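Trainee: One letter stands for each residue in the lines below.
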Amino acid sequence: MIVGLIAVIGLVSVNALFLIWMERKVSAHMQLRPGPMEVGWHGAIQTIADALKLMGKELITPRDVDRPVFLLAPIVVFLPVLLSFLVIPFSQTLIIRDMNVGVLLILAFASLTVLAILMAGWASNNKYSVFGSIRSVAQNVAYEIPLLITLMSIIIMVGSFSLADIVNAQSKYWFVLVQPVAFILYITCATAETNRAPFDLPEAESELVAGFHTEYTGMRFALFFLAEYTNMFIVAAIATVFFLGGWQGPFLPGIAWFLLKVYFVIFLIMWFRWTFPRVRFDQLITFAWKILIPLAFANLIITAFIMKL
Amino acid sequence: MLERGIEEKTYVLNLGPQHPSTHGVLRVELEMEGEFITKADPDIGYGHRGHEHMAENRTYPQFLPNMGRVDYLHALAYNQGYCMAVEKLIGLEVPERGEFVRVITAELNRITSHLLWVGAYLLDLGAFTPFLYCFDDRENALDLLDYLTGSRLTYCFYRFGGVPVDIDDDFTEGCRKFIQRLRSRWVDYDNLVTKNVIFIHRTRDVGLITQEQCIRYGLTGPMVRGSGLPFDIRRSEPYSVYPRFDFEIPIGERGDVMDRYLVRLREMEQSLRIIEQALDKIPNGPIMAEKVPKRIKPAAGEVYMAVESARGEFGCYIVSEGNPKPYRIKLRVPSFGNLSILPEIAVDTLVADLVAILGSIDVVVPEIDR
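Chains as they are written, first to last, in numbering that gives the first Met the number 0: chain D, 0 to 308; chain Z, 0 to 369.
Since the hints were derived computationally from the structure, they do not count as laboratory data.
Predicted model only: the values in this text are computed from it and were never measured.
Hints are not guaranteed to be accurate.
[Said to hold, decoys possible] Straight-line distance between alpha carbons at most 30 Å, and here's what the computed DSS-like set of lysine-lysine pairs gives:
no.	chain 1	residue 1	chain 2	residue 2
1	Z	Lys194	D	Lys24
2	D	Lys24	D	Lys52
3	D	Lys126	Z	Lys194
4	Z	Lys329	Z	Lys290
5	Z	Lys290	D	Lys289
Based on the sequences and whatever the hints tell you, model everything.
Mentor: The following block contains the structure:
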């Protein structure tokens, strides 16, 4: 368990560094520019340089913040993210602990992120931060429901909450082929869950400056950043496990297939971010309650009906 | 502040002067109820440099470089407005070729201004990529203007009586290439932005302005054309050689933010048409008037000249008392009038809408502050 946790911390850090570099490269090439090129091969260690810079920055605590909550928020946002990794099956053997409630564990921990955002925004004593956190809560509550219901339709098909079982059930065909609607719903909800554009309202730059982390500097800010990218990895990992057959694939070892698929899903999410404008808050909530949730329910009912046949 | 906010129904939110989407140093004081705005009060003056006062202490040619710094995005329209006013004051005729060069460069500058607006506006709405697409295109036009005028942003190119540098074959060739390139890009803009569902939802029926409001607030430029009034100084009070060109005045139907976006997009196409025709029709001859007085000392009198800048009517009003320095110069800037409607149309919108509306006004804050 301890070894696993240390390995997870290593993986999380390396993964976040890679993802930030990937994000910059993907966005750059979509925008007709090369992106970071100076530090390392094609800017490969640019993020490390940036991380070092962030560590050297002064940690500013504004005068009127709610001190304990303000200091706790970056830790609260980061810890649950680490724990989620315990149940993700990277390959047939590479899984720290295969729990029979794996899905629930990940989703439970993922929901904790919103608590941290609420803490950060509320404690900052900044109106823009409060806006960001209020938006974040409303958004996460709205999008967690269709997310869960969508995953439920897969769980009904497999009959297990264990992630390894779900992957094993896809040995003949990937679930994305039989549940395309669920896949699209899931990706949409996952983008909203991770507060990524076009659903990045909690930190909408042009409206709320930097949203809930306006007042954070240095490593505290970096932890929010790290958590965002790691969350992205987790939702992409769930998508891989539930819809894309997990570690399964010919020739290459399981871990390679798993990471390939995960990064493909992450690429999709990045693609959204650099293509779409941001939705408005009321539209976001309306979209969740009036379109996504009914669709998810319909999908669940149809799945249940077909399974019964 | 927070405790007060809970007890009272509304609270005050300061948008700016340091805010990513107020485009410069504009402060908007918002009275909010939740995320809804009950009152918006723009506060200007952070960028005040006293251009009009400067004019009173400078000779006429000395004031010319200031014109590139009032509205830095469409500096050549300001050059043109001021030069035309002074020329009218001292009775100077600009030769035809000079006027053509002015029109070509001013229209190119209008395109760069609109391109920057499209990019910055999409940035306000949260889409980053179109910004860089627009800048890529804008770069080409800036290179052309740089080649001719020697600067990229704060031009001081026109002189009393004409222009100092003639266009050559390289410039003409470059212009034609740019026209071709930009025309091929409309499809990309359409696919990336105009047809995007999220963009349509964010802009349709947001920030509606009626024609009556346009007139009441003295709006000009794309703001008034977006509401369906075909008011364009180039057509309604023709100046320079504009009457010789065949171009349309694009107008919107509903007067919302989307219409203003479309109007600007279509205006760029019309500017391309004007440049194309001007390049074809440009006559040979001098570019500067022959008898430009060495020392400009107009007789006592006053004059007003208006041109169509990218943001609307720019008017230059000069009062002369017969001295080498003007007695008073009043600049009628379009952004000031255009911004004045914000308190009325911002009520009962969300913060995100306010950003969209403010962006659609296309304010250049230094122009308001002067």
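Trainee: If a hint holds in the structure, say so; if it doesn't, say that too.
Mentor: Status of each hint after checking the structure:
1. Lys194/Z with Lys24/D: holds, 26 Å
2. Lys24/D with Lys52/D: holds, 20 Å
3. Lys126/D with Lys194/Z: Violated, at roughly 34 Å.
4. Lys329/Z with Lys290/Z: holds, 27 Å
5. Lys290/Z with Lys289/D: violated, 73 Å
The structure is inconsistent with the numbered hints 3, 5, although it conforms to all the rest.
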